[in-house]
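In order, the protein sequence lines correspond to chains F and A. Under this note's numbering, think of the first position of the first sequence as 880, with each following residue one higher. Under this note's numbering, think of the first position of the second sequence as 65, with each following residue one higher.
Rather than coming from a laboratory, the hints here were simulated on the basis of the structure. Hints should not be assumed to be uniformly reliable.
[What the hints assert, rightly or not] Here's a subset of chain A near chain F, in silico, CB distances under 10 Å, partners left out:
1. Phe76
2. Ile78
3. Thr92
4. Lys134
5. Thr136
6. Gly139
7. Glu140
8. Gly142
9. Gln152
10. His161
11. Gly176
12. Leu180
[Stated by the list, open to error] PhoX-like, lysine-lysine: derived pairs with alpha carbons at most 20 Å apart:
13. Lys1027(F) with Lys1003(F)
14. Lys163(A) with Lys1059(F)
15. Lys154(A) with Lys921(F)
16. Lys141(A) with Lys1017(F)
17. Lys97(A) with Lys921(F)
18. Lys965(F) with Lys116(A)
19. Lys118(A) with Lys965(F)
20. Lys1045(F) with Lys1034(F)
21. Lys1013(F) with Lys988(F)
22. Lys154(A) with Lys192(A)
23. Lys192(A) with Lys968(F)
24. Lys968(F) with Lys1012(F)
25. Lys1058(F) with Lys141(A)
For every residue, glycine included, the Cβ atom is placed at its ideal position computed from N, Cα and C.
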Amino acid sequence: MKYTFLVMLFVSQLTIAQKHFTKTGITTFIASVDTFEPIEAKNESTTVILNTETGAIAALLFVKAFHFEIALMEEHFNENYMDSNKYPKATFKGKLINFNHENLTSETKTLQLKGTLSIHGKEKQIETEAQLKKLNHKIIFTSHLSVKPEEFDIKIPGIVREKIAKSINLNLDYELIEKK
Amino acid sequence: MSLSKKNKITLFMIILVCIAGYSAYKYTYKSHKSITEKEVVFSGSTAHFLEKVKTGGAKWQDVVVALNGKITSIGEKGITLDHNTYCQFKNSTALTHLKEGQHIAVKGRMIGYDDLLEEIKLDQTLIK
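Whole structure, please, built from the sequences with the hints as guidance.
Printed below as a string of structure tokens:
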């Protein structure tokens, strides 16, 4: 009886401790062209949850939490392009292919990342690479995405078209800790 | 010294261009409004605020709120109040004086309701 209890406790521990997460992941937005003022913003409040049993990953960020150096740029980003009042969130739901928690070491491994990115109320299938490693019980996840505004129905007026990059880069930088 | 009419006009134009340039610059590079300059739109307990957010939706975005509650966990960059509100700090040295179980009042910018973790998220939090 005593043993059954211990075994059950052990099993329940195993099933509970299967998620790594962060509330303060860093997502960087870069849409600069060489000839104009840099167009860059940082979101330091991205929520990311990784299921370490299946490799399933979910991320959520609030568009208004992107911080631009120039306040006016931030205003335009929210009001004219992203319609943040109407579409406050951007999300990603996907999977790291062939993810195995036990294989993670301090050496960086590259895995395929597939999933659905949702921005401005529009969804798009994404396939990219992600770099993972384990450092002091943290899973360090980095990845890079390249998206086009028109894929998400974001209209850029002709007058500024030349000042904003055709392809927008998103850099993902997440330090995931074990969820208890 | 008296200026000719032509020179007066030129001088006036130069001043006008300077003023226009300066105001355009001021407009383009205006600074971010800090949290202390913004109006507090909600003040009260985290539970009460959560209720408001769940029914009110999008209007509770990018607004400054003052909340009070019990610290239920302390992380590297912020704290959780009453298991339902995460407060991210700009300056993590403010966290060193805090203890779990302590009741505090904070002021921060509401960024949204995080439905992955089912909690409210604030950033730029300050301890009141």
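Going through the numbered hints above, which ones does this structure break? Give me the numbers in ascending order. As far as the earlier hints go, 1, 2, 4, 5, 10, 23 and 24 are violated by this structure, in ascending order.
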